[in-house]
Amino acid sequence: MNLHYHVDGDAFIAAGEASSQVKKVLKQLGIAPHTIRKIAISMYEAEMNMVLHANGGDIHVEITPHKICITLKDEGPGIPDLELAMQEGYSTASQEIRELGFGAGMGLPNMKKYSDELSIRSEVGKGTEVEIIAWLP
Amino acid sequence: MTVQKIMDALQLTLVAGEKGLKKAITTGYVGDLLSSVMAHAQEGCVWLTIQGHLNIVAVASLVNISCIIVIQGATIQPDTIEKANEEHIPIFSTEYSAYEMVKKLVDIGVY
Numbered sequence: 021m022n023l024h025y026h027v028d029g030d031a032f033i034a035a036g037e038a039s040s041q042v043k044k045v046l047k048q049l050g051i052a053p054h055t056i057r058k059i060a061i062s063m064y065e066a067e068m069n070m071v072l073h074a075n076g077g078d079i080h081v082e083i084t085p086h087k088i089c090i091t092l093k094d095e096g097p098g099i100p101d102l103e104l105a106m107q108e109g110y111s112t113a114s115q116e117i118r119e120l121g122f123g124a125g126m127g128l129p130n131m132k133k134y135s136d137e138l139s140i141r142s143e144v145g146k147g148t149e150v151e152i153i154a155w156l157p
Numbered sequence: 006m007t008v009q010k011i012m013d014a015l016q017l018t019l020v021a022g023e024k025g026l027k028k029a030i031t032t033g034y035v036g037d038l039l040s041s042v043m044a045h046a047q048e049g050c051v052w053l054t055i056q057g058h059l060n061i062v063a064v065a066s067l068v069n070i071s072c073i074i075v076i077q078g079a080t081i082q083p084d085t086i087e088k089a090n091e092e093h094i095p096i097f098s099t100e101y102s103a104y105e106m107v108k109k110l111v112d113i114g115v116y
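Chains as they are written, first to last, in our numbering: chain A, 21 to 157; chain B, 6 to 116.
Just so you know, the hints here were simulated from the structure itself, not pulled from any lab data.
What you were told as hints is all true, and nothing was included just to trick you.
Below, a sample of chain A positions facing chain B; criterion: calculated Cβ distance under 10 angstroms:
| id | residue |
| --- | --- |
| 1 | Arg-57 |
| 2 | Ala-60 |
| 3 | Ile-61 |
| 4 | Tyr-64 |
| 5 | Met-68 |
| 6 | Leu-120 |
| 7 | Gly-123 |
| 8 | Ala-124 |
| 9 | Met-126 |
Keep in mind that this is a model prediction, so the values were computed, not measured.
Each residue gets a CB set at the ideal place from its N, CA and C atoms; glycine is no exception.
Extracted from the complex, chain A is given alone in its bound form (with noise of 0.2 angstroms):
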């Protein structure tokens, strides 16, 4: 099964829309529930951060007996220096952002914590390619 979803990059608090889809339909499939709360949650912070940082974008997920793969693409501005996005606290957010909760800096932590393999593509000027794996049982 494949899903797609487009992503408004002004919309930014009601963002959170495709990822309640997909754990709607993986529910309906039937997936396991720790499977579900562990793409739910990688999605999301995804999803957010396509929404808070790259003005939105495009959203592809794969649904095989074996797997689930989401592949998050934007044109953003990409990401300078991966390693140091990938720690826990960094945040390049504003203020205002902050103050609705967001721009802790555990996005990315998240995402490579409840995911089974996280792969990030990103290039300064040309946007960012996430894709989020999860192996079914």
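Guided by the hints, dock chain B onto chain A, whose structure is given.
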């Protein structure tokens, strides 16, 4: 323990999500950083926060939080209420601080 029992025992003001009142409550969580809540709040918990914007409903829905108590009279946005009604996630408003609310929840048996 259910959401309804908490509401009745603590005389909380329900602002949204009436259809979720029968949900069971397992424990509680306090937090305003959404990433932290996602990672640490347990399924079925009551979540105390000062955030009142739409994303609290997304977070609660994604990790199966049973209900949200917005503390210290913080503003709850109209679109938050609308979404919580859709998702059946009860939201309460209180003038108390998180600390005061935790004491009250513990007093009625939410550990």
